[in-house]
Every structure is written in structure tokens, then in C-alpha cells.
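There are 2 protein chains.
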Amino acid sequence: MNLIIRIAEREDMKSVLLLINELAEFERETDVVNLTYDDLIRDGFSDPPLFVCFVAVLNNQIVGMSLSYSRYSTWKGKTMHLEDLIVTEKERGTGIGNALFSNFIKYSHSKGVKRIEWAVLNWNINAIKFYESKGAVVYDDWHIAQMNETAIKNFISNK
Amino acid sequence: MNLIIRIAEREDMKSVLLLINELAEFERETDVVNLTYDDLIRDGFSDPPLFVCFVAVLNNQIVGMSLSYSRYSTWKGKTMHLEDLIVTEKERGTGIGNALFSNFIKYSHSKGVKRIEWAVLNWNINAIKFYESKGAVVYDDWHIAQMNETAIKNFISNK
Numbered sequence: 028m029n030l031i032i033r034i035a036e037r038e039d040m041k042s043v044l045l046l047i048n049e050l051a052e053f054e055r056e057t058d059v060v061n062l063t064y065d066d067l068i069r070d071g072f073s074d075p076p077l078f079v080c081f082v083a084v085l086n087n088q089i090v091g092m093s094l095s096y097s098r099y100s101t102w103k104g105k106t107m108h109l110e111d112l113i114v115t116e117k118e119r120g121t122g123i124g125n126a127l128f129s130n131f132i133k134y135s136h137s138k139g140v141k142r143i144e145w146a147v148l149n150w151n152i153n154a155i156k157f158y159e160s161k162g163a164v165v166y167d168d169w170h171i172a173q174m175n176e177t178a179i180k181n182f183i184s185n186k
Numbered sequence: 028m029n030l031i032i033r034i035a036e037r038e039d040m041k042s043v044l045l046l047i048n049e050l051a052e053f054e055r056e057t058d059v060v061n062l063t064y065d066d067l068i069r070d071g072f073s074d075p076p077l078f079v080c081f082v083a084v085l086n087n088q089i090v091g092m093s094l095s096y097s098r099y100s101t102w103k104g105k106t107m108h109l110e111d112l113i114v115t116e117k118e119r120g121t122g123i124g125n126a127l128f129s130n131f132i133k134y135s136h137s138k139g140v141k142r143i144e145w146a147v148l149n150w151n152i153n154a155i156k157f158y159e160s161k162g163a164v165v166y167d168d169w170h171i172a173q174m175n176e177t178a179i180k181n182f183i184s185n186k
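Respectively, the protein sequence lines represent chains L and A. Everything in the first sequence is counted per the working numbering, starting at 28 for the first residue and increasing by one. Everything in the second sequence is counted per the working numbering, starting at 28 for the first residue and increasing by one.
Mixed in with the good hints there might be a few duds.
One copy or two, it doesn't matter: identical chains are merged, so the pair holds either way.
Unchecked claim - Straight-line alpha carbon distances no greater than 20 angstroms define the calculated PhoX-like cross-link-like pairs of lysine-lysine that follow:
hint : residue 1 : residue 2
1    : K117      : K180
2    : K133      : K180
3    : K41       : K105
4    : K180      : K105
5    : K105      : K156
6    : K138      : K180
7    : K117      : K105
8    : K180      : K161
9    : K138      : K103
10   : K41       : K103
Hints in this document: simulated from the structure, not taken from any laboratory.
Given the sequences, and given the hints that come with them, work out the whole structure.
Okay, structure coming up:
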């Protein structure tokens, strides 16, 4: 298998956006991806960039990606967050996800962070088992709270 | 009540660290705060800073703080994450948390983000009710996965 994991370049963002849309469908969500190709170029290649993206290239085709950025823990200091790890459906189960995950951990370790973190859907048992097999702990006592654009605007206009 | 919410300065970090330790106790965790005063100075006042901190000052005393940073959603683009919102125990219930939260939302709105996000412990019913009253949605179908320093090192050395 001729697989290369490398840092993404501007011209890879079209393939990256296709993978993002594919994952949204897998997560049973549609019409949620507002992000455009131009957004990815602007945000991923600014100074400083808002994220770091790696792509998995199999026989010259992009078949997977990881997208991450740093966060901050008031207990541990600088941490890394894995926002997405995506392998296109027909290439799953071939070790590409493993290679992308391993690359992400090594990259984070090279940045000296003391914690790596990400979110996983509670019904995605395969993913949870995969992560636990890698030494991750999956916590079910934390909930994620979000305000979307409408909620933010409502809050502001009610003040 | 002579309450001022303002952006934190270097010399506020001692009070901020005291608040961080107070929250760790409230969350039933001890010996988890590895962060030092020097870490907070280095990370919060670097270029770019790793977080933005606001303090609540009541009669010239720091009684609360919010600490946040930007994240990135592959659906929405740049988002804001509220890592901590802390009010010292004896000043709770007096509107200071509300003022810090409101300040954080306005700050995030000024940055043009389309989503604001944070984590809440599932047994912290008062916090969940407070957030929902502000228009937030609390999701229970996402779990948080983490690898700590030991898990990262084990992973690296097994490769």
C-alpha cells in the first residue's frame, strides 16, 4: 500500500472539504456544513493558522485527513484538540485511520502538550473502542453546551 | 455594587490561579492543577496569546474570571470556547457570573464567531439550567475522549 501522510497544502482543501461533507452525512447531519473552500484556505494558511491539517494520500489520491488545533487547560496548560479524523468510506478498515491517528499523536507530542482531547458520538462504538485501545479515556460525565449564531444574536439583542 | 469586568493583566494571574484551584475543589478534583503562575504569564501574554482572560473586580478585589480561546469547527469555521467561568464561593448568587458570561458572549460576538461552546459536568444542574436559560443547548450524545501525558508517552514508545 503506497500511503503517505503529509501536511496539507492549499490545493488539498477541495478534497478536505469533500471529506468534511462525507463525515457530516455519516454523523446523520445534513445542511450543517457552512464552511467553504475559501474559508479553509483563509483560516488554515493565515499567520497564525487556525488549524493544522494532515492528509492521507493513497496512490496519489487524498483518502483521509486529520484536522487539529491547540487548546488550553487551566489544569495542564497547552493541549491539542483533534477536531476531525476522516477516512473516505471505501478505504475504511485498511489502517489509514490508524496511520492518521498515530501521526496526530506524534505531532502533538512534538509540540510538548500534556493532554490530547477530542469528542466522540456515544453511539459510535467502533470509534470509542478504537480510541480506548490507544490508551484514551472516554468520559461520559461531561456534556457539551453550545450557542449557535441565532442564540448569540438573541442574547446580544436582549441585553 | 461596584463591579468592573475588565481584561486581565499579568499581575492578576495570582488571583486567577487561586480561582482555578478553588474550581478544581468544587469539581471534586484535587492535585490536578499542574499550572503555575509563570505558565499563565507565559501563555496568556505571548504573541499570539493561548487564551484571553477577563476578571471581575468587586471593590478592588478579583472575585471571578472567565478564560476562553478560539477553536475551529469544520462545519462553521472559527468558534469560541469558554474553558472556565469562576466566581469565588462567597460571591456566588450576586450576578457576577451573569456579568462574566454576558461579557464573554459580547466579546465572542465582536470576534464574529458563529458558535460558542463549553463543557459542563452532568451533575451541575444549576449550571445547566443557567446556560439553557441563556439560549444554550446542552448535548448529551457527545463524549469527551482524552489522552493524558502518560497515555501519550506509552503510545509513542509502543510505536
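Now for the hints, and whether the structure bears them out:
When the C-alpha separation of K117 and K180 is checked against a cutoff of 20 angstroms, the pair qualifies neither within a copy, at 41 angstroms, nor between copies, at 32 angstroms. Proximity of K133 to K180 under the C-alpha cut-off of 20 angstroms is restricted to the inter-copy arrangement: shortest distance 10 angstroms between copies versus 40 angstroms within a copy. For a Cα distance limit of 20 angstroms, the shortest separation of K41 from K105 across copies, 19 angstroms, qualifies, whereas the shortest one inside one copy, 30 angstroms, does not. Taking the shortest alpha-carbon separations for K180 and K105, only the inter-copy value of 16 angstroms comes in at or below 20 angstroms, while the best intra-copy value is 31 angstroms.
For the identical chains of this complex, K105 and K156 are neighbours neither inside a copy (26 angstroms) nor across copies (30 angstroms), given an alpha-carbon limit of 20 angstroms. Proximity of K138 and K180 under a CA criterion of 20 angstroms is satisfied inter-copy only: 13 angstroms between copies versus 37 angstroms inside one chain copy. In the homo-oligomer, the alpha carbons of K117 and K105 never lie at most 20 angstroms apart, since the shortest distance is 36 angstroms inside one protomer and 30 angstroms across protomers. Taking the closest pair of Cα atoms, K180 and K161 come within 20 angstroms of each other only across two copies (11 angstroms); inside a single copy the shortest separation is 41 angstroms, beyond that limit.
Proximity of K138 and K103 under a CA criterion of 20 angstroms is satisfied intra-copy only: 14 angstroms inside one chain copy versus 26 angstroms between copies. Proximity of K41 and K103 under a CA criterion of 20 angstroms is satisfied inter-copy only: 16 angstroms between copies versus 36 angstroms inside one chain copy.
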